[in-house]
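A.B. asks: Listed below, chain by chain, are the residues.
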Amino acid sequence: MTDALKLTELSKSFPVGKPLFGKPKAIVRAVRPVSLRVETGETLGIVGESGCGKSTLARMLVGLLPASTGSIEIEGEAQDTTDPAAFGRRIQYVFQDPISSLNPRKTIRQIIEAPLKLLHGMGRAERDTRLREILAAVNLREDFLTRYPHEFSGGQAQRIGIARALAANARILILDEPVSALDVSVQAQVLNLLADLKAELGLTYLFISHDLAVVEAVSDRVAVLYFGAVVEIGRAGDIFRQPRHPYTRLLADSAPVVGRPLRPPEGRETELPDPLNPPPGCSFAARCPYATDLCRTTEPPLTPMGETQLAACHHPITR
Amino acid sequence: MRLFAGLLARNRLALVGAVVLAAVAVLALLVPVLPVRAPNVTDTAARYLRPLSEGHLLGTDHLGRDLLSRLLWGTRLSLAVGFAAAVIAAVIGAALGIVAGYFGGRTDNLIMRGVDMLMAFPYILLALAIVAALGPGLLNALIAVAAVNVPFFARNIRGITVGIANREFVDAARLAGMGHWRIIWSEILPNVVPVIVIAMSTTIGWMILETAGLSFLGLGSQPPQADLGSMLGEARAALITAPHTSVVPGVMILIIVMSINLLGDGVRDALDPRLRSGALSRPMAATRVARDTVPEPQGDGILTLQALETQFHVGGRVYRAVNKVSLSVHPGECLGIIGESGSGKSVTALSVMGLVASPPGVITGGAARYRGDDLIGAPYETLRSLRGDRIAYIFQDPLATLHPLYRVGDQLAEAIRVHHPLGRAEAWARAVALLHSVRIPNPESRAKAYPHEMSGGMRQRVGIAMALANDPDVIIADEPTTALDVTVQAQILSLLDELRRARGLAIIFITHDFGVVAQLCDRVAVMYAGRIVEEGPTGVLLESPAHPYTRRLIDCVPELGAGRRRLAAIPGLPPAVDQLPPGCAFAPRCGRKQPACEAGEIGLEGSGARRVRCLYPEVEEP
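Chains as they are written, first to last, in the UniProt record's numbering: chain L, 1 to 319; chain E, 1 to 622.
Just so you know, the hints here were simulated from the structure itself, not pulled from any lab data.
Beta carbons: idealized from backbone N, C-alpha and C, even for Gly.
Partner residues are not named here, just some residues of chain L that face chain E (Cβ under 10 Å, in silico):
#  : residue
1  : S50
2  : P84
3  : G88
4  : S101
5  : P104
6  : K106
7  : P115
8  : L119
9  : V184
10 : V186
11 : Q189
12 : V190
13 : A217
14 : A252
Label-pair distances were calculated between CB atoms; the ranges are:
#  : chain 1 : residue 1 : chain 2 : residue 2 : range
15 : E       : E414      : L       : N139      : 49 to 57 Å
16 : E       : G114      : L       : T69       : 31 to 39 Å
17 : E       : E414      : L       : T69       : 46 to 54 Å
18 : E       : R106      : L       : E299      : 34 to 42 Å
19 : E       : V87       : L       : E151      : 30 to 38 Å
20 : L       : T318      : E       : Q298      : 58 to 66 Å
21 : E       : G591      : L       : E151      : 23 to 31 Å
22 : L       : E307      : E       : G159      : 54 to 62 Å
23 : L       : T69       : E       : G104      : 17 to 25 Å
24 : L       : S35       : E       : T107      : 30 to 38 Å
25 : L       : H150      : E       : G572      : 14 to 22 Å
With the sequences and hints as input, model every part of the structure.
C.D. replies: What follows is the structure in structure tokens.
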């Protein structure tokens with residue numbers, strides 16, 4: 001299988017307090033060097049809590065943010081944003097907030113038509129046929145075309161967002177928390193729609209979410225991000241059933257589940273490390289029950305554990 | 001557009017302004033065809049004729065020229081110049097502002113520092129300097145007035161553009177293949193235009209005044225051409241002997257500027273989204289109550305809701321957000337209210353203490369009794385003394401509920417001192433103790449922190465500490481963990497659980513998450529479209545849900561450990577609460593629907609704590 005996406009040592013740093021001229025006061029590393037590959041036709045889930053860098057990673061992939069170091073390969077070719085039309089036909093993005101990602105002053109037709117016009121240069125008649133196909137694919141009625149975004153519920157608006165991404169006819173979709181703003185009953189509608197589209201059109205997904213159960217339900221493989229770095233990656237079925245990294249285990253244990261008694265999953269402070277002053281060694285060490293001096297001084301590399309799983313931990317959980 | 005016209009017409013003063021301005025504008029436009037004398041014909045024999053003289057309705061000036069004619073021609077010129085200056089200033093200023101706001105960084109810095117420099121000069125001095133450099137003349141005065149007003153527009157529009165340029169739909173446009181200029185033209189500009197119109201409508205009067213000022217000083221229109229400013233300037237010498245020569249143009253300036261300002265304020269109010277939907281009136285301190293009957297006290301809960309009804313009345317429509325909700329909670333008990341967005345769970349909670357914004361909220365029926373006393377319709381003073389003292393709230397977003405400019409310790413101390421006569425130091429000590437009790441490490445130093453210096457989990461702890469400040473009997477928690485990460489959520493939940501057991505607190509916990517309910521709550525009520533559709537002890541309800549909605553909603557929740565799969569979904573959407581169907585609101589989405597379901601009202605039936613609002617429940621004996 002070829003790789004739809006291949007990230008090599010990709011990282012992003014943001015300068016803080018940059019004056020008009022001269023050097024910034026400090027640098028925040030939002031994404032520390034990350035290497036990942038997503039196979040064609042695969043869904044790779046990315047899980048992590050707020051501030052772990054998952055959205056920054058996604059925005060780099062679609063060219064909304066330039067990477068600080070490292071490289072991105074899309075379908076075997078280096079990411080090239082010089083021609084926005086060619087780039088937009090390769091990879092598209094579905095946003096978290098369905099309402100704010102739609103321009104309030106444009107009709108749904110104008111919103112979905114933009115990629116058809118600009119990326120594919122379609123004529124009027126051609127556009128109309130394609131619009132009809134796309135709307136049918138996301139289960140929206142055609143009379144929605146003349147309406148404005150504020151007339152729609154969250155679930156409908158998210159389907160419009162997906163329709164816009166489909167209109168570009170890209171084979172790779174980056175889904176950035178596509179259902180976290182939706183109610184559960186609607187969330188399932190959208191997730192099932194995404195699954196159908198993938199099967200029908202042979203798409204590749206990078207699915208970002210903070211909800212472990214959702215990620216597990218839609219992904220082939222899952223990568224767990226903590227403090228800007230991948231701490232564990234493996235098959236969706238295995239990674240939460242048999243986590244190797246203590247952070248993955250903490251995440252899995254924290255999700256409220258019907259039938260599990262309430263207890264605090266950890267006694268210590270749950271603060272993330274200070275991004276302006278990152279600790280040496282493992283960034284999870286301060287919260288980790290298994291941490292030793294080695295963890296506090298040396299950063300663990302991502303090493304294979306088991307057949308398909310990799311974890312960045314000096315003292316992985318073995319069961 | 002029709003909405004805009006309607007809102008504008010509702011504002012009487014704006015309407016008056018519009019009518020007056022339209023009349024003046026029509027007169028000015030029609031001057032060339034009106035039967036008035038030529039404005040520049042002098043007749044020194046008929047100098048300073050008083051108004052209402054033969055042939056000169058408004059009299060004549062120092063050269064015997066007809067004042068009516070000069071006034072009309074002058075108005076025409078002044079309006080044209082003022083309007084042109086406003087348009088020029090708006091176009092240039094908005095262009096600068098949009099470019100600076102959109103591109104940001106160094107472009108922004110350079111443009112805005114230039115604009116700042118322009119602003120550093122006193123207003124009229126700058127205009128004078130520009131005219132002095134270009135030479136007197138109406139066109140140069142126009143340029144000066146426009147230039148002086150560019151910074152106002154540039155700064156205003158830049159601020160708006162920065163906000164819009166960071167919105168997701170701009171990113172989406174970029175991914176749809178749009179270049180910078182196309183994004184500016186088709187995504188940014190349409191969202192900025194209302195602001196430009198607002199800014200123009202409020203400044204155009206000012207610009208007419210400035211042009212008149214320059215002409216008054218002899219730097220604008222040159223003799224014999226009349227505009228309102230030069231007419232005033234020429235009349236100055238005869239201010240005492242022939243006051244009408246000054247009064248006539250003066251009154252016209254007053255009329256024009258007044259009508260433009262009235263209209264401008266109206267336009268601003270109608271276009272400003274924050275002032276839409278009749279929100280021009282201030283919300284009341286407590287929700288408006290309009291109920292016919294008060295139910296008899298019932299039950300022994302510390303807080304009991306009886307058939308509570310809250311509606312929103314918006315422009316002729318009635319949204320039944322809370323529809324006859326009855327609940328009760330006992331000390332040490334945690335009652336969960338679960339439902340999707342729009343189900344009325346938050347409005348139920350806010351209605352208890354009269355916190356629903358009025359207008360448009362109205363409590364139209366039922367009662368909320370705290371220890372037997374009805375809170376609905378209670379005097380504001382009673383509500384105020386109970387709010388935060390006996391009944392406290394925890395909200396979803398602690399960043400929005402904490403004041404950003406005060407230290408959290410001060411805010412906690414204030415919450416205590418409102419209800420208890422404590423000294424400053426004593427209250428501070430208690431605040432620190434509270435922070436300690438919600439497990440904030442180093443409470444002494446954390447009390448001195450500002451809300452933005454804390455993480456989301458820490459802030460929510462402060463929110464809980466705030467709710468605990470006066471040792472309340474009831475805490476109403478409205479999605480307190482929804483904005484938090486799972487690891488933090490687990491800690492907040494166990495903290496709340498511990499607190500209610502230790503202090504005998506009654507908690508009403510509002511959420512959309514079954515996992516959270518299962519872990520924390522003793523009893524659950526499920527809400528759909530403003531009504532409770534099912535209630536019962538948590539374990540039983542989750543184990544064997546009786547209402548089809550509850551069962552299908554539980555099926556929708558993905559659970560960890562079940563592997564890759566298709567998720568269950570409920571087709572369709574909840575009904576809008578202003579168009580509720582007769583009978584069961586869930587019927588259109590329900591697989592077990594029978595004709596009887598849509599025939600009429602269905603009661604909440606059952607025995608003991610277990611009740612369900614369904615004719616054909618999933619389990620026989622609920």
